[in-house]
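**Q** One letter stands for each residue in the lines below.
6 protein chains.
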Amino acid sequence: MISRFAVPARTELPPDLQERIDQVEEKTGFVPNIFMALAHRPEEWRAFFAYHDTLMDKETPALSKGDRELIVVATSAANNCLYCVVAHGAIARIRARNPRIADQVATDWRKAELDGRQRTVLELAVRIAVEPWTVQAEHFEPLREHGLTDDDIWDVGAIAALFAMSNRLVHLAGTMPNDEFYLMGRVPKKS
Amino acid sequence: MISRFAVPARTELPPDLQERIDQVEEKTGFVPNIFMALAHRPEEWRAFFAYHDTLMDKETPALSKGDRELIVVATSAANNCLYCVVAHGAIARIRARNPRIADQVATDWRKAELDGRQRTVLELAVRIAVEPWTVQAEHFEPLREHGLTDDDIWDVGAIAALFAMSNRLVHLAGTMPNDEFYLMGRVPKKS
Amino acid sequence: MISRFAVPARTELPPDLQERIDQVEEKTGFVPNIFMALAHRPEEWRAFFAYHDTLMDKETPALSKGDRELIVVATSAANNCLYCVVAHGAIARIRARNPRIADQVATDWRKAELDGRQRTVLELAVRIAVEPWTVQAEHFEPLREHGLTDDDIWDVGAIAALFAMSNRLVHLAGTMPNDEFYLMGRVPKKS
Amino acid sequence: MISRFAVPARTELPPDLQERIDQVEEKTGFVPNIFMALAHRPEEWRAFFAYHDTLMDKETPALSKGDRELIVVATSAANNCLYCVVAHGAIARIRARNPRIADQVATDWRKAELDGRQRTVLELAVRIAVEPWTVQAEHFEPLREHGLTDDDIWDVGAIAALFAMSNRLVHLAGTMPNDEFYLMGRVPKKS
Amino acid sequence: MISRFAVPARTELPPDLQERIDQVEEKTGFVPNIFMALAHRPEEWRAFFAYHDTLMDKETPALSKGDRELIVVATSAANNCLYCVVAHGAIARIRARNPRIADQVATDWRKAELDGRQRTVLELAVRIAVEPWTVQAEHFEPLREHGLTDDDIWDVGAIAALFAMSNRLVHLAGTMPNDEFYLMGRVPKKS
Amino acid sequence: MISRFAVPARTELPPDLQERIDQVEEKTGFVPNIFMALAHRPEEWRAFFAYHDTLMDKETPALSKGDRELIVVATSAANNCLYCVVAHGAIARIRARNPRIADQVATDWRKAELDGRQRTVLELAVRIAVEPWTVQAEHFEPLREHGLTDDDIWDVGAIAALFAMSNRLVHLAGTMPNDEFYLMGRVPKKS
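Residue numbers (this note's numbering), protein chains in the order written: chain A, 44 to 234; chain B, 44 to 234; chain C, 44 to 234; chain D, 44 to 234; chain E, 44 to 234; chain F, 44 to 234.
Same shape as in the complex, but just chain A (with noise of 0.2 angstroms):
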């Protein structure tokens, strides 16, 4: 299912819209659901994907988009997105080269084969993710320790917050992952 709500004919979307999903299905292979869930709103599906691409098509040397697909994919667990957890964990693997980091992320990130820095990375998100309130200046202290700046740490905090949004629209619409991407990443590419 893509949606409970209205789902618009591609042909009938904005032109620019029109253009982002072409693009998407040209490299992806097929249009991942989440363009499709918001396309009747095209105001919002602009403005979710300005701010999308804002925080994870970027990579600093402390915060790799493997790590921002990671925060993505423990926060999304956490609030029991299907669809985050499926998307962004394909990603999530193919990023990191690591076919089983993005179950163990989902299932139980204390577990999972992360070194120091993601762990702290990681805790934070999950904190804004799960009980925001509580967050003071001196949990950003073990990420400082690990080379993150300020600028990380914002990266952290927003992704979080961006994916706590997009969990609930998900939940909101019951929009199911493509089937294509519970496979993605997890084997080698044919040389």
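Mixed in with the good hints, there may be bad ones.
Same chains, same names: a pair is fine if it fits in one copy or spans any two.
Straight-line C-alpha distance at most 20 angstroms; calculated SDA-like pairs for lysine to any residue [claimed, not checked]:
hint, residue 1, residue 2
1, K108, E86
2, K101, R89
3, K101, R63
4, K101, H83
Simulated from the structure, these hints should not be mistaken for lab results.
Chain A is already provided as a structure; the job is to place chains B, C, D, E and F on it using the hints.
**A** Coordinates of chains B, C, D, E and F only, in the frame set by chain A:
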């Protein structure tokens, strides 16, 4: 406190941010702290306010602007978000022309001076804020019985989702409400 | 609403209740609803206000009357008790001469404009309200470091305990705050 | 342990406290620790026992003294209050003439040897103890169907509220039950 | 009640079950209900008691049989398991030669008459019962400091795990404790 | 990691353990870590696998082997048990011939591709895993309406109970899933 993170000088902001901030200041009499707390990230700032405006500056027969503010107050209170409760509580009082409604909804929405329609709206909104994974299509029925369309129901859920993000950004930044908000909408305007 | 239960006529109350209610009305300008909501049980009424007065009409060097009201606001907010948050929030604003403090403590005491001593006081009070079985003697130490005596610590705990009862009586009766409370202490008195 | 706080000598207590304590000792054979744990505060002591006596030393057709003790046991167990569970469990066994009932209600009231009326009473009482903000007038209906009057329903709620306070005072003081309570009501009295 | 499910006649049970049940009856004076509640499934019965006996009929310098019963009482109380609290509470009183210890550990193990070693044992056991995903190797340290070997620590965890199963089987079947258990170990044996 | 505790050499294990482990290895192609993690305790090992086999190697018209594995996945996910989710998720995919079902049930069983019967099964199983004290006979009715016999209902509950134990043993030992499990059942077997 505006933020635990960098707060750029207003004069150094991109022109579109400056323009909007000037407009808000002119209309409201001061610059709400959230505008400056997010300003170190212009891309995110633009996405956030685009999302916000399209959902909040809207009025339908079954979901007024005041109702939308009450959704923000109820869900932000569930997240102990002081900035959002106080700032949107002020707007809710003004929109609903009721000086008590924000304190009521923030502390115990079950006992607030609401009609049956508003109560079903807040019940769904709080569910999405607190345990979104339990949302099923059947939870939309009580809202439909009170005249909400599918578009209205999406708005209820999307506002709850947007402020799930907003609350977490505020807790991340440690942003406090401007002093002016506390009193707004509590005393009748002088004629 | 004053109560889901019987509310006797003021003139039919025992003389001592009438006298106290008259005094309160004279001093405050109205009769707070709790006085009438409990009045169908004069014995309980007397015990309740005797307990209340001995703990709340008191001031020590390390625990002012305003501090005591903040304990009520913080613990009552943890119980979503609208009457107690609004009524004692009003008194707290007046006692603390701070028009913002009650809203802050009610929504997120961790971020409120408090000094270190007040923060330790509210931390113990909220623990007693929410998970009293975890209280150990070691939890008194931070309060002692801020100058609280054993008598003061008892007061902190006893106020939290008394309002655990009071909050539940109010939820039982469905008592709403008087309209007058909402604005009290928010605007400077005319000179 | 009687208390983490001061425990005055019995001979130094105000005469009315001494008199009541003497009476209890004569009747019960020992002085329950709560009488001494609260004695450093005679005003509070008087209010507490006045409240207690008016609610607990009472019997109506639909709410016996034994039922009242079971409310105390069920709600105190929800708060892990050892003193109240053991002391009032003893009284409950005696009043209900059932040596198993207190252990059952303390551990799992849903499976205890109760009739339908008692079950509705404990269900409301535990709701008031644990999540009082959810109480609505509709929750009184099952009790009315079992013959409870409004006065009885108030008693159920007020007892749950009083012991919400009592449990917290005991956790504050660290008061342990007297050894005598553990066995009371478990073995048939010698004839 | 022995069970919501089938309870076979004792004479129809496989000989090994009959033999063990006869032995227990001879030793204890009655047949504990759990033996009959599980008897409709001889394979499971055998596995359950094999597991039980190897962990509970054991004594090491740092973990006595009485300590093992206290683990059962504390973790079963966290699961509101009436049968296990009452039946193993009886054995705990006898093994520990303390008529108060089971009621204390069941209601509030933090305040029970335990030494420091026992407290660390129950702290780990309750953690495994309630939030096992948080267990880290560092949580074993306090037990090691009190002389527990790795084998002892495994026993603590395995007993908590076994009764996580046992508690759930009992709740599934609705098994009540035999009347005899309530009084066992409370009164000194006649000499 | 196989375990935080001793892992004996395979050649030093009792012959019956060696034999079973050899069989599993031959059939599966590797030795699942749980077999070695429990091997330092042969008595417990035997009881555990006896219990496991009698409940899991079984198929009835209303409860297939695949259904049984889904019970394990759903309840183990509620306990964040990585080993059980990944290992039994692999078996569930194979048994149910559905490469998506395990990820769905682990993350959000409410939205998984299940039929009505399976949904009632998982609803009871998760209740037993998470809040077993609330189970009443009435909770069996929806399963009966879907054709489950009393024996099937017992199996649902007993599997949930067994893995309540298993999950806790795994968290105690810190056992990680074998790498092989992650991919099993995700790609069609070559013909």
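**Q** If a hint holds in the structure, say so; if it does not, say that too.
**A** Evaluated hints:
no.: 1; hint: K108 x E86; verdict: between (26 angstroms within a copy, 18 angstroms between copies)
no.: 2; hint: K101 x R89; verdict: both (18 angstroms within a copy, 18 angstroms between copies)
no.: 3; hint: K101 x R63; verdict: within (18 angstroms within a copy, 27 angstroms between copies)
no.: 4; hint: K101 x H83; verdict: between (28 angstroms within a copy, 16 angstroms between copies)
Every hint, counting from the list given before, is met by this structure.
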